[in-house]
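Chains as they are written, first to last, in my numbering: chain A, 1 to 114; chain B, 115 to 224.
Simulated from the structure, these hints should not be mistaken for lab results. We put the CB at the ideal spot given by N, CA and C, even for glycine. Relax, there's no trap hidden among the hints.
Computed list of lysine-lysine pairs in DSS-like fashion (alpha-carbon distance at most 25 Å, straight line):
| no. | chain 1 | residue 1 | chain 2 | residue 2 |
| --- | --- | --- | --- | --- |
| 1 | B | Lys211 | B | Lys159 |
| 2 | A | Lys57 | B | Lys116 |
| 3 | A | Lys9 | A | Lys57 |
| 4 | B | Lys159 | B | Lys221 |
| 5 | B | Lys211 | B | Lys156 |
| 6 | B | Lys159 | B | Lys116 |
| 7 | A | Lys57 | B | Lys211 |
| 8 | B | Lys159 | B | Lys193 |
| 9 | B | Lys159 | A | Lys71 |
| 10 | A | Lys9 | B | Lys159 |
| 11 | B | Lys159 | A | Lys57 |
| 12 | B | Lys221 | B | Lys156 |
| 13 | A | Lys57 | A | Lys71 |
| 14 | B | Lys211 | B | Lys116 |
| 15 | B | Lys221 | B | Lys193 |
| 16 | B | Lys211 | A | Lys71 |
| 17 | A | Lys9 | B | Lys156 |
| 18 | B | Lys193 | B | Lys156 |
If you want the ones that stay clear, here's a sample from chain B, every Cβ over 10 Å from chain A, calculated:
| no. | residue |
| --- | --- |
| 19 | Arg115 |
| 20 | Thr138 |
| 21 | Val222 |
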Amino acid sequence: NAGVTQTPKFQVLKTGQSMTLQCAQDMNHNSMYWYRQDPGMGLRLIYYSASEGTTDKGEVPNGYNVSRLNKREFSLRLESAAPSQTSVYFCASTETSGSGYTQYFGPGTRLTVL
Amino acid sequence: RKEVEQDPGPFNVPEGATVAFNCTYSNSASQSFFWYRQDCRKEPKLLMSVYSSGNEDGRFTAQLNRASQYISLLIRDSKLSDSATYLCVVLTGGGNKLTFGTGTQLKVEL
Numbered sequence: 001n002a003g004v005t006q007t008p009k010f011q012v013l014k015t016g017q018s019m020t021l022q023c024a025q026d027m028n029h030n031s032m033y034w035y036r037q038d039p040g041m042g043l044r045l046i047y048y049s050a051s052e053g054t055t056d057k058g059e060v061p062n063g064y065n066v067s068r069l070n071k072r073e074f075s076l077r078l079e080s081a082a083p084s085q086t087s088v089y090f091c092a093s094t095e096t097s098g099s100g101y102t103q104y105f106g107p108g109t110r111l112t113v114l
Numbered sequence: 115r116k117e118v119e120q121d122p123g124p125f126n127v128p129e130g131a132t133v134a135f136n137c138t139y140s141n142s143a144s145q146s147f148f149w150y151r152q153d154c155r156k157e158p159k160l161l162m163s164v165y166s167s168g169n170e171d172g173r174f175t176a177q178l179n180r181a182s183q184y185i186s187l188l189i190r191d192s193k194l195s196d197s198a199t200y201l202c203v204v205l206t207g208g209g210n211k212l213t214f215g216t217g218t219q220l221k222v223e224l
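Based on the sequences and whatever the hints tell you, model everything.
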């Protein structure tokens, strides 16, 4: 199993450009998440999808849109990038079982907006 | 007030030392608690869940105090490979969302 994969690993954008961050998981998890991580701020939830066909806003959704394309894939779109969106973006999926709750993260996308 | 608060450190300790991290959370309805480990420029990974009765995994011991709303992580016999940032994490919001602390940085030195 590849776990959670993200593309691209690095990206540089100019202000106003758009892009889509891709995420896929092969663990058959229902829930998927997008976070951003900034120095001194910790991980903050942007959007999440509890199941295929549903999405909900997290703590910092402004400037982003998401699509839960199918059970495997959850993409994050920046329609008009701003320097404040310079960050490291992590996608995650969650396994919930009798033995507990585990969130698995992808390797991250390092985005710089100039 | 942040939902989950941690001392950012860094904690610089010699190899073999015992080190403890604390974390406080503000939402008394929080359901589950975890410690994640994050290496530099890598993704977070689950270190261990934290149970009310306290739990141990090798050199790592986690404790939960619901009355005081704090969580602790104790690392015994520190190794160089323990150097990382340790994230305190709380599950709230109907079981769908994790709230992360900003992390405590540990540096284990020779």
